[in-house]
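S.K.: These are the residues of each chain, in order.
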Amino acid sequence: MTDVQDKAVAATPVGQSSAGVAATLFRFQSVFGLIAVFIAAIIFSPRKNGDILFISADNLANVVRAVSEIGIIAVGMTFVILIGGIDLSVGAVLGLAAVGSAVLMVENDWGFLPSVVLVLAIGLVFGALQGIATAMIGIQSFIVTLAGLQIARGLARIWSGGQGVAIAYGDGPNEAPTSFALLGERTFGGLVPIPVIIFAVVAIAAVVFLRISAFSRHLYAVGGNEKAARLSGVPVVRVKIAVFAICGLLASLAGIVHAVQLNQGSPNDGIGYELDAIAAVVIGGTSLAGGRGSVAGTVAGALLLGVLNNILALNNIDSNIQLLIKGLVIVAAAALQRLRPTS
Amino acid sequence: MTDVQDKAVAATPVGQSSAGVAATLFRFQSVFGLIAVFIAAIIFSPRKNGDILFISADNLANVVRAVSEIGIIAVGMTFVILIGGIDLSVGAVLGLAAVGSAVLMVENDWGFLPSVVLVLAIGLVFGALQGIATAMIGIQSFIVTLAGLQIARGLARIWSGGQGVAIAYGDGPNEAPTSFALLGERTFGGLVPIPVIIFAVVAIAAVVFLRISAFSRHLYAVGGNEKAARLSGVPVVRVKIAVFAICGLLASLAGIVHAVQLNQGSPNDGIGYELDAIAAVVIGGTSLAGGRGSVAGTVAGALLLGVLNNILALNNIDSNIQLLIKGLVIVAAAALQRLRPTS
Amino acid sequence: GCGTTSDKTSGAAPGASKSCKGADGKYTIGMSQANVAEPYRQRMDDDIKTAAKDVPQFDVKFADAAQDNAKQVADVENYITQQIDLLIISPNEAKPLTAVVKKAYDKGIPVIVLDRKVEGDAYTGFIGGDNVQIGREAGKYIAEKLLPQGGNVVELKGLAGATPQAERHEGFVEGIKGNPKVKVIASASGDWLREKGQAQMDALLKANPKIDVVFSHNDPMAEGAYLAAKAVGREKQMKFTGIDALPIPSGGIKAVEQGRLAATFTYPTNGKEAVAAAKKILVDCGTIEKTQTLPTRIIDASNAAKIYAEENPNG
Amino acid sequence: MAEHADLIRMTRIGKRYGGVQACQDVDFVLGAGEVHALLGENGAGKSTLMKILSGDVTDYDGTIAINGAPARFSGPTDAQSAGIAMIHQELDLVPGLSVADNIFLGRELRTPLRTVDRRRMERSARELLDRSGVSLDPRRPVGELRVGEQQLVTIAKAIALDARVLIMDEPTSALTTAEVERLFDVIRELRQSGVGIVYISHRMEEIAQIADRATVLRNGQIVTSFDPRKLSTAEVVEAMVGRPVQTMFTTPDAQTGDELLRVENLVVRPRRPRPGRRDPDGISLTVRAGEIVGLAGLLGAGRTELLETLYGVAPGGPRLGRILLQGKPIQVHRPRQALAHGIGFVPEDRRASGLVLFHSILANTVVSSLPAYGRLGVIAKRMERTATVSMADRLRLKFGRLQDEVGTLSGGNQQKVVFARMLLTEPKLLLLDEPTRGVDIGAKAEIYRLLGELAAQGMGVLLASSELPELVGVCDRVVVLRDGRDVASFSTADSGEGDLLAAAMGQGTVHDEVGGVR
Ligand SMILES: Nc1ncnc2c1ncn2[C@@H]1O[C@H](COP(=O)(O)OP(=O)(O)OP(=O)(O)O)[C@@H](O)[C@H]1O
Ligand SMILES: Nc1ncnc2c1ncn2[C@@H]1O[C@H](COP(=O)(O)OP(=O)(O)OP(=O)(O)O)[C@@H](O)[C@H]1O
Ligand SMILES: [Mg+2]
Ligand SMILES: [Mg+2]
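Protein chains in written order, with this note's numbering: chain A, 75 to 417; chain B, 75 to 417; chain C, 31 to 345; chain D, 23 to 540.
Think of the hints as simulated: they come from the structure by calculation, not from any bench.
Cβ atoms here follow ideal geometry from the backbone N, Cα and C, with glycine treated the same way.
Don't take every hint at face value.
Claimed, not checked - Computed from the model, here is a short list of chain A residues facing chain B with C-beta under 8 Å:
1. 110
2. 210
3. 214
4. 221
As the list claims (entries may be wrong) - Simulated restraints, written as ranges between beta carbons of each label pair:
5. 346/A with 240/C: 33 to 43 Å
6. 110/A with 279/D: 51 to 61 Å
7. 275/A with 133/C: 19 to 29 Å
8. 363/B with 450/D: 16 to 26 Å
9. 399/D with 275/A: 42 to 52 Å
10. 118/A with 97/D: 50 to 60 Å
11. 122/A with 132/D: 48 to 58 Å
12. 363/B with 133/D: 48 to 58 Å
13. 390/B with 110/A: 53 to 63 Å
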């Protein structure tokens with residue numbers, strides 16, 4: 075009993091058990107899921123002139139580019155879900171941010187930096203307000219953010235006049251600064267899209283942050299046992315507000331990326347993205363009950379969904395059958411989570 | 075000690091405390107919310123020739139008719155939420171059922187009864203399968219039903235060939251039996267639409283069922299503390315499966331009502347209805363954490379949303395502003411719930 | 031009515047000739063659809079499928095962007111990866127799809143754009159209807175045929191923010207100008223949906239005791255409005271018009287034939303025309319017109335049955 | 023006894039919860055270097071008083087002074103910075119975080135770069151745990167630990183605060199004698215260094231052992247204050263309960279009948295082993311009708327796991343050996359089957375696994391026996407009320423109305439509700455896991471009396487407990503478990519606590535070594 079094992083420090087320091095090989099394997103199961111889907115994708119990939127289309131460099135770049143927005147949102151969603159909450163407003167906040175960037179730069183002729191800062195601040199404040207409603211009034215986050223979704227969508231419609239605002243680049247009036255366009259370019263020999271790099275930076279920052287900060291302990295504590303956290307002197311209310319604010323901030327960052335990728339900010343952008351983001355988080359092994367999970371898992375979950383979408387599309391699977399397959403894969407991935415030794 | 079007071083049995087025998095007048099008032103607070111919105115509707119109602127349009131009999135009938143589908147779904151959703159789950163698939167199941175009724179009666183020339191029975195059975199089985207995935211494999215219902223949503227939607231698309239199937243009535247081939255059309259008629263002097271009566275019957279049956287059945291005790295117990303329920307010998311798995319099956323059944327009943335009201339079954343029917351239903355349940359005072367709440371509250375919640383929609387429409391409020399107002403009212407209603415003496 | 035307007039593609043489009051391998055070739059065509067949840071777009075896909083059956087060289091793939099610009103960009107990228115021979119796209123919105131359509135076009139893939147345009151001219155040809163024109167036709171029809179003595183009109187609009195909604199409204203306002211006695215007494219947004227149309231009409235009926243015509247931006251909302259009026263027994267007091275006129279059992283032509291709608295205006299899916307254009311490019315190695323605008327047709331009780339039969343030759 | 027300087031002075035403290043006056047006009051004084059025991063029945067207001075002192079409850083009447091200076095805390099953090107730490111009765115730890123993270127939660131050690139210094143936290147945590155005599159890997163997630171281990175972590179966590187005032191609310195309720203001894207060593211050290219300690223416990227023998235002063239609360243008011251070393255247990259109990267409690271333990275003059283339960287060489291090999299769980303690894307025992315059999319053992323000996331296996335809530339996996347009920351082999355895989363066989367179970371942790379705290383007393387009581395009160399799935403309300411009321415009477419349950427939330431009852435009364443629920447199923451065999459944990463001495467006596475009664479009516483009882491006096495006093499026979507095996511069996515007529523302890527720790531005479539077969 076209580077034999078002190080001097081194992082190498084666990085990769086995910088919190089939220090996971092550390093009992094031998096099986097546990098270590100299971101800890102990375104979302105990565106395994108990703109690898110499995112990846113291998114399946116190679117096998118089922120169509121070929122052209124002997125090339126496996128799926129693993130061509132620019133297809134892989136496309137895959138990651140396509141999930142970069144959902145990925146950025148999902149990182150923020152991971153934080154929210156870790157504290158036992160949920161944020162249904164992220165898709166709408168993305169739309170609001172996309173509209174905001176377009177309107178500010180195109181119609182109001184603001185510069186790149188002030189526009190981006192204002193848009194990020196709007197996301198942050200919107201998220202923080204939702205956090206306040208949850209943490210201070212005590213309304214369940216599902217409801218707060220369901221209402222937040224409608225409000226953000228309404229604001230986006232009003233701000234944009236209901237229309238998508240097209241973004242043209244240049245120095246003239248009603249043109250966005252060309253520096254903004256750079257965010258949508260590709261780098262490293264035209265191969266890696268900047269949105270992918272933004273996603274990577276966000277994900278790595280989040281992983282490191284969760285590993286080394288005291289705040290992350292507080293976050294896991296609030297999600298794991300809120301009362302214990304409060305009694306231990308964790309500023310529960312502040313943690314919650316901060317987490318929703320971070321999630322709002324990342325959603326609006328994703329909105330900026332969305333706008334630059336599509337050269338437009340439309341109030342209908344991001345409809346339904348919240349569900350994709352939640353799916354990525356859960357496939358990545360984070361528990362909706364809070365207190366358990368990791369950003370690395372979420373990234374793997376987002377990539378898994380991206381690879382799945384890509385291979386289904388490359389094979390031109392009928393869109394209705396795609397719905398069925400995706401539904402089943404999500405259930406399967408979630409069922410895999412249940413095989414964890416400690417549940 | 076043990077002074078047994080033989081008071082009238084509390085309205086909600088479980089899940090509620092009953093400490094005096096304040097508690098009694100609060101138990102009915104969703105009804106108060108409804109009354110408040112009702113009064114506001116009368117005040118803000120447009121008038122025509124001195125008549126208050128809102129409270130005219132046929133407008134009120136319209137209000138209830140418009141919420142009857144959401145209401146029926148919300149009753150099933152209440153059950154699911156009472157056991158601490160959630161069902162995101164209800165809107166898609168509604169679509170599947172609407173398509174099913176139309177295809178069976180119009181394209182396959184089935185009779186009224188067999189069609190309705192099969193469609194209801196499909197909803198029941200679909201719900202039960204989701205219940206099995208939740209209860210036996212242990213996947214969180216949010217994820218199961220998120221996948222279920224996609225699967226039901228895909229099935230509906232495939233079954234209908236992607237297009238809405240129009241329903242014409244008559245005895246000929248490719249015509250639905252006229253008995254089906256009766257479901258969409260109005261009765262009591264052309265005033266009360268049959269869908270309203272179906273909603274009322276479902277709601278009353280559910281209220282009575284939750285009051286008198288042993289099953290309801292099990293249901294509240296599972297939602298209140300699943301582990302304790304299991305140790306008490308409650309058949310937790312069976313309760314969960316039954317509840318999801320009931321929810322699926324009611325969603326497909328709502329789908330039948332939908333088809334007959336719109337003379338069409340389309341695979342895109344019911345998109346987003348799940349969120350409206352959840353909003354009705356939560357506004358009605360049922361806790362998303364499970365174990366606490368009532369169907370009567372849900373009915374009040376659904377009517378509140380209906381009155382709100384109606385008065386906004388009667389006043390021709392801009393649809394974007396409507397989004398904002400509805401978001402705020404949902405938050406306000408949820409905040410009201412927090413005023414409960416025992417939280 | 032108004033005839034086919036056109037202007038010829040000037041010069042050879044990059045790569046357009048390269049992909050032509052004549053009648054012996056086998057061609058994979060990618061069709062990127064904005065959102066099959068709209069009946070009109072599902073019908074567009076179906077029309078393309080039907081028409082392509084008659085061209086043995088063609089193998090058409092379909093993708094559905096489910097109303098998401100970003101998803102449609104990814105769909106087109108995937109088609110480029112698959113090295114398709116020709117792209118047909120019905121863009122969800124113009125601006126966001128412009129870049130990726132250009133990318134395909136620059137890679138030598140001929141692009142046929144349907145219904146909604148993209149910006150610039152990096153595509154082989156556009157085939158579409160004219161929403162302003164349709165709105166104008168509908169307006170004129172109401173002003174001249176349905177309400178020559180004037181009357182009260184309510185307008186059921188499409189989803190706020192959607193371009194066709196704005197254009198149909200704009201055309202409609204122009205179209206009824208000719209008869210100042212026609213008054214638009216109220217309007218509401220039914221988000222293109224039948225049940226929303228019904229719910230909005232419930233309220234409009236309540237607020238407006240005298241309505242003569244309901245002008246709806248599409249057929250489903252018109253049907254919803256009809257159901258609302260029928261529920262209060264006022265369906266005979268007013269006329270309903272829609273737009274789209276899909277030749278399907280749940281479409282507007284049937285509704286006119288069966289007397290629920292007074293008229294509807296075709297918004298052509300162009301599926302057939304797109305396949306014909308693809309055949310011209312790939313099999314016949316020809317060129318197509320850069321812009322092909324198909325006229326709308328008025329469907330009313332006089333021609334509904336005939337046109338429905340024409341559009342569904344196989345029953 | 024030395025005169026202690028007043029460290030804390032609470033004056034005229036009052037606190038109401040709805041209709042319940044939890045504390046009323048309480049004056050409480052704690053000196054430096056003093057161990058002050060707080061006694062009282064369940065619901066007397068002990069925890070409430072201490073939650074007020076530790077800043078957990080902030081809306082109260084009266085005043086608090088620390089070293090003479092008035093203080094009013096806005097929260098637990100506030101109290102902690104004033105040097106007041108509390109070990110809560112309910113184990114409030116974060117299951118997903120490691121032992122070290124839990125100990126330092128809210129005041130993490132930092133590196134110069136302000137990041138968390140995990141290495142230093144783990145080192146300090148290990149030192150703290152060593153000090154209280156536990157060797158636990160500080161990196162293990164707390165959720166994997168046994169209840170007792172978690173209790174030790176909460177203790178280490180409170181000690182880590184280096185507080186001037188340490189409040190211990192039933193710190194030993196899940197600990198066995200060996201761990202309690204180590205804890206007392208720690209308490210003595212702290213007392214030496216001038217820390218004032220409030221010690222709440224329902225284990226009377228501990229009070230005499232460790233406390234310098236004792237204060238008794240009843241119905242939220244102070245009844246008396248005395249030197250526990252000068253009063254007999256019986257006198258203390260009388261002060262608490264307000265009437266003399268005659269015999270704590272029913273004399274087991276067993277009228278035992280036929281063999282009810284026979285466990286033969288039971289081995290469970292879980293398909294998905296959970297770390298820290300000690301599943302049966304060769305257990306044989308019998309329970310006769312009318313017999314009360316005790317299960318003794320150290321922390322993690324596998325008592326809970328045995329009872330869970332018998333009740334059908336153990337994890338799935340292959341099993342060896344047999345379980346026979348009244349001579350017939352039975353397979354129990356879920357509680358419903360156990361109940362159908364006439365086996366009832368009162369779990370260790372009533373809040374987590376026993377009750378729906380916000381549901382009514384009635385709903386909680388009848389949930390296991392609902393089919394009995396109606397037909398066709400419809401509840402006969404009058405019948406269920408009558409059944410509940412008569413069972414409540416029998417158990418002397420103290421409550422207001424049947425519709426009241428169970429969560430508002432005191433701990434001991436909550437325990438009785440779980441008892442009542444099981445008794446309403448009319449079981450032949452009752453499995454009890456720490457049935458008196460956190461239960462006051464008066465209620466304990468009632469529970470013991472009840473067990474005697476039930477046994478006399480022919481029920482068999484298998485009772486796991488960490489309290490040796492309870493095992494010796496209540497049971498006819500005690501089986502000792504160690505590492506998932508039964509290692510000894512004693513008749514309480516001719517053995518004492520010492521024998522049990524020795525066997526549990528692996529020093530005693532080991533007879534009946536059936537479970538040795540692997
Ligand atoms: N949060 C609460 N809400 C309502 N009533 C409460 C609450 N907490 C305590 N009470 C009531 O206050 C009284 C005192 O409770 P307290 O927990 O202080 O008792 P205790 O002496 O610690 O009992 P125990 O020995 O069972 O722990 C009890 O009647 C209890 O029911
Ligand atoms: N890793 C784990 N995860 C979840 N629960 C656990 C784990 N390890 C032990 N448990 C639970 O903890 C309880 C056993 O711990 P407990 O503190 O009761 O030990 P104990 O009572 O001192 O020893 P005994 O095993 O002799 O009862 C059981 O309910 C068991 O299921
Ligand atoms: Mg207490
Ligand atoms: Mg135990």
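S.K.: What hint numbers does the structure not satisfy?
M.R.: Violated hints: 1, 2, 8, 9 and 12; rest satisfied.
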